[in-house]
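Numbered according to the UniProt record's numbering, the sequence shown spans residues 1 to 569.
No lab work stands behind these hints, which were simulated from the structure alone.
Note that the Cβ used here is the ideal one computed from N, Cα and C, for glycine as well.
Treat the hints loosely; a few may be bogus.
Distance ranges between label pairs, derived from CB positions [unchecked claim]:
(1) GLU555 - GLY480: 23 to 33 angstroms
(2) ASN542 - ASN495: 18 to 28 angstroms
(3) ASP550 - GLU232: 52 to 62 angstroms
(4) ARG558 - SER368: 48 to 58 angstroms
(5) VAL39 - THR474: 29 to 39 angstroms
(6) HIS369 - ALA447: 19 to 29 angstroms
(7) ASP299 - TYR215: 40 to 50 angstroms
(8) LEU84 - ASP458: 41 to 51 angstroms
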Amino acid sequence: MDGNEYLHLQEWLVGRCYHKSFADIEVYLGRYKKGEKIVVTVTDVYDLLSELGLPLLNSSSCHVWLESCGTGHRTRSVMLRNQLAVFNESFQLNCGLYDGVRIVVFAGGVSVGEVVVSASRHEGICTFMLVSSPGCDTAQPCGKITVEIHRRIMFDPQKNCSSTTRGNTANYRLYGTMLTRNDLDGELTKNLRLSLWAYCRQSLHTLDVIASSAYEAKRYLKKLGSPPECYEVRVSLKHWRQKSSRWDSSQATHSTDTTMHLTGGRNKAPRGASSKPREVYAIIHSGLNHHRTNPFRVDASGAAQFNHPVVLSDVVPERDEVLVNVIGKGFPGTDEMDLGVVVFPFRDLKIREAKRLTVPLVRNAATSHAHFEGVLQLEILAVNFTSKSLCSVDAELRRSHLRKMLYHYAPHQLHRVECFLADSAQGDAQVLNALGAVRGRVEIERAPMDVCVVSLIDFVHSSAVYVRVYLNGTSILCTGKVSGYGTVAFNKKKNKAATTVMLDDAQHAKMRFEVMESRYMSSKVICTAHMSLRNLVASHENTCVLHLFDSHFNEAGRLHVTLKSSAFV
Numbered sequence: 001m002d003g004n005e006y007l008h009l010q011e012w013l014v015g016r017c018y019h020k021s022f023a024d025i026e027v028y029l030g031r032y033k034k035g036e037k038i039v040v041t042v043t044d045v046y047d048l049l050s051e052l053g054l055p056l057l058n059s060s061s062c063h064v065w066l067e068s069c070g071t072g073h074r075t076r077s078v079m080l081r082n083q084l085a086v087f088n089e090s091f092q093l094n095c096g097l098y099d100g101v102r103i104v105v106f107a108g109g110v111s112v113g114e115v116v117v118s119a120s121r122h123e124g125i126c127t128f129m130l131v132s133s134p135g136c137d138t139a140q141p142c143g144k145i146t147v148e149i150h151r152r153i154m155f156d157p158q159k160n161c162s163s164t165t166r167g168n169t170a171n172y173r174l175y176g177t178m179l180t181r182n183d184l185d186g187e188l189t190k191n192l193r194l195s196l197w198a199y200c201r202q203s204l205h206t207l208d209v210i211a212s213s214a215y216e217a218k219r220y221l222k223k224l225g226s227p228p229e230c231y232e233v234r235v236s237l238k239h240w241r242q243k244s245s246r247w248d249s250s251q252a253t254h255s256t257d258t259t260m261h262l263t264g265g266r267n268k269a270p271r272g273a274s275s276k277p278r279e280v281y282a283i284i285h286s287g288l289n290h291h292r293t294n295p296f297r298v299d300a301s302g303a304a305q306f307n308h309p310v311v312l313s314d315v316v317p318e319r320d321e322v323l324v325n326v327i328g329k330g331f332p333g334t335d336e337m338d339l340g341v342v343v344f345p346f347r348d349l350k351i352r353e354a355k356r357l358t359v360p361l362v363r364n365a366a367t368s369h370a371h372f373e374g375v376l377q378l379e380i381l382a383v384n385f386t387s388k389s390l391c392s393v394d395a396e397l398r399r400s401h402l403r404k405m406l407y408h409y410a411p412h413q414l415h416r417v418e419c420f421l422a423d424s425a426q427g428d429a430q431v432l433n434a435l436g437a438v439r440g441r442v443e444i445e446r447a448p449m450d451v452c453v454v455s456l457i458d459f460v461h462s463s464a465v466y467v468r469v470y471l472n473g474t475s476i477l478c479t480g481k482v483s484g485y486g487t488v489a490f491n492k493k494k495n496k497a498a499t500t501v502m503l504d505d506a507q508h509a510k511m512r513f514e515v516m517e518s519r520y521m522s523s524k525v526i527c528t529a530h531m532s533l534r535n536l537v538a539s540h541e542n543t544c545v546l547h548l549f550d551s552h553f554n555e556a557g558r559l560h561v562t563l564k565s566s567a568f569v
């Protein structure tokens, strides 16, 4: 105990702690130990994953929240660019010997990950694993944070209650019995990390606190049982191509969104990004593994040859999956681009038998706007295990049908095609049959679509205007001029306000309506409206009233249109 003011309680404490466990004794005696002030410097956060498990490249704001003994501190907000946010901010916290420091990382106003750190265990620069959904069974690693921890020597002259620091000099000491940094990566902590990941994910964010006490670590291992058998998998990326005539979706050529952002749940185009990257690299994430390949040059045809095999260790084949995300790099100073995602299971691998695949990449993965764009060749090899579940011989045919079905009905699951195929002992057959029974046909129908612009409602402009209509970025209709204020009707023949076009894919089609102000020798867009063709009734005239907004997001009226096609689902 600190000091001798509790020395007269020695015999009483001995009796009090009789027949107690070591952990209970440590906690009990901790009440009589003085707290101390620690200095925590938040250096940076990197390799962040979004709440959907996808790499988070850029965000308009990112900050860190630190909390200890009921007192919190917040860093300033900085830009998250290319999976990195740098802070270099220091905070002084009150922290007892057995208190933890809770660290939470936010991006775009959303909590990304959390970790609880045992301050008494560390001295100097440390890197910790962030965990998403802490306290839940779905918790998983979602990034890393680098902090620097120091404990200042606190002295209490003449039994004063206020503690001071000796000037501005850095006077530090280790408090209590410290474990070295090597202990953190030792066999005991490694086994604890694997056991928490396999059996008790809700406690994964408290790994550092549990590991700070050898007694607690052993108690957890005894409670959870022996760690699961873990194996190694080698993932080798071979070839990537930005465009593929075989795989690309119909709207891939009109795609402008290339990066996922956490800003109000919207996708925004990356700053200064080009649709043609100069270099590409891949992020490979699986369970407790996170790797980034070297960048490779993109040739004139929009292709790149990868030469960076990655070995994933501590893999649990029955539960783990591997996510591969191809990232594009443009000119220096520009944001990186998401070029596609795909996820693979380990449940259908044979030992020393390489699984070679050529798969389409999914842009805007885990959203309703997901689509195929680009193709990736890779090889997955089980180094020292064989899975029990193996796909059938006609997997390629069923894989093609499942891609069509998910693309048509569940695009947010499109990047998980291979996982669906390995979800049962017979792989793809059961999954496909079950989905087919519920969803019905999987072929995408191509049929004509009738488009008619009916009227402008509550229109705030009185000048002569006309409407231009776009389907997937291609102009399909330009009406004649009309004038008026309030409600203005279009004549179907006189104003050329109707047309018929071929519709290839109603589920992923987008329409844009531009109201143009007619001027002498020029025109100007004064307001626009957008719509998706999902959930429209097939072979019936669908009446749609769309809100028009100007460039300042002020409502300028409404647009009345009708659409009819047998291709609607």
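Sort out which numbered hints this structure fails and list those numbers smallest first.
Hints 4, 5 and 7 are the ones this structure does not satisfy, whereas the remaining hints hold.
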